[in-house]
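Protein chains in written order, with my numbering: chain C, 1 to 113; chain X, 114 to 226.
It is possible that part of the hints are untrue.
[To be verified] DSS-like, lysine-lysine: derived pairs with alpha carbons at most 25 Å apart:
| # | chain 1 | residue 1 | chain 2 | residue 2 |
| --- | --- | --- | --- | --- |
| 1 | X | K155 | C | K36 |
| 2 | X | K150 | C | K44 |
| 3 | X | K218 | X | K135 |
Treat the hints as calculated values from the structure; they're not laboratory data.
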Amino acid sequence: DTAVSQTPKYLVTQMGNDKSIKCEQNLGHDTMYWYKQDSKKFLKIMFSYNNKELIINETVPNRFSPKSPDKAHLNLHINSLELGDSAVYFCASSETGPNSPLHFGNGTRLTVT
Amino acid sequence: GENVEQHPSTLSVQEGDSAVIKCTYSDSASNYFPWYKQELGKRPQLIIDIRSNVGEKKDQRIAVTLNKTAKHFSLHITETQPEDSAVYFCAASKSNSGYALNFGKGTSLLVTP
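Please construct the entire structure, taking both the sequences and the accompanying hints into account.
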């Protein structure tokens, strides 16, 4: 019974294409996030949403557009993919409020060729 | 800036020895410090966390210490086992962030039998 689920697990595509990654959580959390993990394993926050509203956009190129149709879903759409977008993208959720641990999904490995 | 520095980047110990990973942070408003373990190809998972009103917390073989004055916190693993081999990330809460976390760059721990 996966708490935070992402699809797809793997995504291989060519430069210039547009792709989406979907995320759903069944934990009843109000806050969801997208993190990017590069080849050196560095985890960097991209976006944070609280109850469908954007809280953080960490200087991410506007080719990346998150969408939250409801508080249980946070999708990530990427336009005009570039080689440097290759990474593992993790969705996460947490309870609203400080001092709340993140619960990560299993990640989506994006490879741009 | 809001940085979390983590050392060492790699750590190799023999089974049964202790392992210590150290982190420093710069955001004086940070008040939540979790540690995550990431096994190869898997998602980061919370192993222990500490809040700013506590100096030390222990859970079986794992302990975390926090020195808010010096902005240091550390992870201690005693009696290491081969299954402790993984990448460990420290993190600190970001102020004005909607509860997102800033992560250190990770420590790759190898426990050899």
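Results for each hint:
1. For the hint pairing K155 of chain X with K36 of chain C, the CA-to-CA distance comes to about 14 Å; that is within 25 Å, so the pair holds.
2. Our distance criterion of 25 Å between C-alpha atoms is met by K150 of chain X and K44 of chain C, whose separation comes to about 16 Å.
3. For a cut-off of 25 Å, the pair hint linking K218 of chain X to K135 of chain X stands: about 11 Å separates their Cα positions.
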